[in-house]
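> Sequence:
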Amino acid sequence: MAFQARAFQQACRLRSQPATSMMRLENPQANANTNATTSILTTSRPYTSQHTRTRSRPQTRSPPLALSLSLPGQARRHTRRASSSASSSSSSSTTPRRSITVTSDDGRYNWSDLSTSEKAARGTQQTFNFLLVAAGLVGTVTISYLLYQELLSPDSSAIQFNAAVSRIKSSPECRALLGPSREITAFGEPTANKWARARPLAHSTETDRYGTTHFRMHFNVAGPEGEGVVTVHMTKPRGGDRLEYQLLSLTVKGHETVYLENKEAERNVKSKVGKMFGVQWR
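When we follow our numbering, the leftmost residue of the sequence shown carries the number 35, and every step to the right adds one.
It is possible that some hints are incorrect.
The calculated DSBU-like cross-link candidates involving lysine-lysine, where the alpha carbons are at most 30 Å apart (straight line), are [what the hints assert, rightly or not]:
(1) Lys297 / Lys287
(2) Lys297 / Lys270
(3) Lys270 / Lys203
(4) Lys203 / Lys287
(5) Lys297 / Lys203
What follows is a set of in silico ranges between Cβ atoms, one per label pair, in the way DEER data are often shown [stated by the list, open to error]:
(6) Leu166 / Glu259: 56 to 64 Å
(7) Asn144 / Ser238: 56 to 64 Å
(8) Ala236 / Glu207: 19 to 27 Å
Just so you know, the hints here were simulated from the structure itself, not pulled from any lab data.
We put the beta carbon where it would ideally sit given N, CA and C, even for glycine.
Please model the complete structure; the sequences and the hints are all you need to start from.
Below, the structure is given as structure tokens:
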């Protein structure tokens, strides 16, 4: 509408120019009036066109300056995020899956996603891991059993050694040959190692044809008065729960053997006892 009004005004202006020039020549007063009228029309045209433009176009409110300045930055950030996510998704979709081997398999992929060779590699790895765990369990059980038999079991050599040493230290006859009990030391076979506890104990365990377990051991003792060898022989019958002394003796060079336990000699003495008139004489 504003464009049509402006075109109409220009056409009217062009038509009125020849007549206006003639009127200016004929009547100067009329020319002045015409100029005044033209000036009025000219000054009123912007208002009319502006008023018409404001009516024809809907009023729109521009956003605040801070919001208009912040919108481009936010748009750029959203664009960057979208582009980065798109690039990552495209790279992840285009990255090929690495092949599975015995050493590189970490269980990330499902069994159904593996090829035949990859399934064989995973099976080999799992079998090796199972055998390794089983070997560790067997080794742990074996070590625990050996420790129990050597240190914690009532029939272990360590416990019997400590019990025999206590018997030697508590015997007055042994203290007379070796010295005070607190100064008596006991150790295994003589070796180049000066540390007495590192010397091995000579012991053996065997079972006879009757099912009786025989435990034999000998070790060395030393004191300020002298040195000697302790001999131990213990037995446990079939179905028994503990070892019993058959022989416990101390032999010091230059002195008679001291017997703390000697079941065999006692049996020999009993066998020599005779009977007369049905009565056993001692």
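> Next step is simple, just say for each hint if it's right about the structure.
Evaluation of the provided hints:
For a cut-off of 30 Å, the pair hint linking Lys297 to Lys287 stands: about 23 Å separates their Cα positions. Taking the CA atoms of Lys297 and Lys270, the gap is about 14 Å. The hint holds against a cut of 30 Å. At roughly 25 Å between alpha-carbon atoms, Lys270 and Lys203 fall within 30 Å of each other, so this suggested pair holds. With a CA separation close to 18 Å, the supplied pair Lys203 and Lys287 stays within the 30 Å bound.
A C-alpha spacing of about 21 Å is found between Lys297 and Lys203, which places the hinted pair at or below 30 Å, so the restraint holds. A hinted range of 56 to 64 Å for the beta carbons of Leu166 and Glu259 is consistent with their spacing of about 57 Å. Separation of Asn144 from Ser238 is about 59 Å and conforms to the stated range, judged on CB atoms against 56 to 64 Å. Range check, Ala236 to Glu207: Cβ separation about 24 Å, and the 19 to 27 Å hint holds.
In summary, the structure agrees with every hint in the numbered list given earlier.
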